[in-house]
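> Please work from the sequences and hints to get the whole structure.
2 protein chains.
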Amino acid sequence: MDQVQALAFDVFGTVVDWREGVAREVARVLGPAVEGRALADAWRAGYQPAMEAVRTGARPWVNLDVLHREVLDRILPAFGLNTVPEDKKADLNLAWHRLDPWPDALTGMERLRRKFTLVPASNGHIALIVDMARRSGLRWDAVLGGEVSQAYKPQAKVYDDAARLLGLKPEQVMMVAAHPSDLASAAGRGLRTAYVHRPDEYGRGAAQARPANGRFDYSVDSFIELAEKLGV
Amino acid sequence: MDQVQALAFDVFGTVVDWREGVAREVARVLGPAVEGRALADAWRAGYQPAMEAVRTGARPWVNLDVLHREVLDRILPAFGLNTVPEDKKADLNLAWHRLDPWPDALTGMERLRRKFTLVPASNGHIALIVDMARRSGLRWDAVLGGEVSQAYKPQAKVYDDAARLLGLKPEQVMMVAAHPSDLASAAGRGLRTAYVHRPDEYGRGAAQARPANGRFDYSVDSFIELAEKLGV
Chain A
0 MDQVQALAFD VFGTVVDWRE GVAREVARVL GPAVEGRALA DAWRAGYQPA MEAVRTGARP
60 WVNLDVLHRE VLDRILPAFG LNTVPEDKKA DLNLAWHRLD PWPDALTGME RLRRKFTLVP
120 ASNGHIALIV DMARRSGLRW DAVLGGEVSQ AYKPQAKVYD DAARLLGLKP EQVMMVAAHP
180 SDLASAAGRG LRTAYVHRPD EYGRGAAQAR PANGRFDYSV DSFIELAEKL GV
Chain B
0 MDQVQALAFD VFGTVVDWRE GVAREVARVL GPAVEGRALA DAWRAGYQPA MEAVRTGARP
60 WVNLDVLHRE VLDRILPAFG LNTVPEDKKA DLNLAWHRLD PWPDALTGME RLRRKFTLVP
120 ASNGHIALIV DMARRSGLRW DAVLGGEVSQ AYKPQAKVYD DAARLLGLKP EQVMMVAAHP
180 SDLASAAGRG LRTAYVHRPD EYGRGAAQAR PANGRFDYSV DSFIELAEKL GV
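Protein chains in written order, with numbering that gives the first Met the number 0: chain A, 0 to 231; chain B, 0 to 231.
Treat the hints as calculated values from the structure; they're not laboratory data. Keep in mind that this is a model prediction, so the values were computed, not measured. Hints may contain errors.
Chain copies aren't distinguished; within one or between two, either way the pair holds.
[What the hints assert, rightly or not] In silico DSBU-like cross-links for lysine-lysine, where the CA-CA straight-line distance does not exceed 35 Å:
# : residue 1 : residue 2
1 : K156      : K88
2 : K156      : K168
3 : K228      : K156
Here it is in structure tokens:
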């Protein structure tokens, strides 16, 4: 592990709490009568299928604002929201730019950054990641993923680029994510892996099963614990 | 000017002092007997011609490490250096990753970042810009240019991408550079412009002429003065 020089982070769910952030924005834009968490869950559920057309090559790469908006337009009627004005929909669509980090994220990343180069290896595009970082105080050394790779995880290019664009070998980069499938894909491209348990990603009490011991290089409960394990 | 939300910086010569930094690295790697500043000047003189083959499409985009190395190999014999070992040439080639900011740069950019998104719009690639920033404490909100645009200034794509990738209109981005030609190209793509006078870029006493008043939106002597003029 001594050769690891950079950490590549999944963002949605790993660095930030998308569910509470989207629910808060739903309440702000559409009012408290709308079920914000349920809408967040439905929005997120449409996310993987929306990317699939890009992954298969059926459509050219488009950014997450485009995909999020398509999903939003599709799910609003199910919430009885058939007449949301365009300006409110455009505003709400940027909810994903305005998500808050998990409580340990800023402190943990500030420590990790002393020793490691920190980059997102996210499906988020540059403007989204920049808006989120400037709003919350997250600090990235460069913004990868998005337009830089023009691919959506688990496409190999996103993981390969995280190493290549930093001038590193795959084994010099560690993927940090709350999602075993993401980490498994990263490991398949030669990256090191750190699983971060985020039991509240889908709401309190909806905890995901923790992956088996030894499946990933590290398994931690916070970025602070990861910093400790990495000796920084 | 109130609509400007992001500042896109030229890096070599505008943010960092390439001449003194390269000369220092020449002394470190090759010893004090070599004329470091003269070698830096010769190296830099080969930079524009080296990029031209990429700009014309005669060769695919390659990063600055590749171009710098080609120029270095070509100029070393003129300095009587015909037998530099490969490991020293590889080390020296990374001199461009290890340049120091001008004295006002860190303080000025820290102020500017309170209000504006800061990105490089540089010909430098991601690994170079990241190495430089981590070494010197520069803080970028995202690293543009390089692999992101796969073009070399003054190609329009570099300027266009600075706005497009931040989700902004060209007039919401201000190019900050010490080189009038760079600013003129940026203005041609609709960006705002700030000229920063760097009289020592080519050595003390080799001051460039200051562009005529009114040619650019701002003309300043430091990033601190730019912050003052932009009210931050």
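> Hint numbers the structure violates, sorted upward?
none
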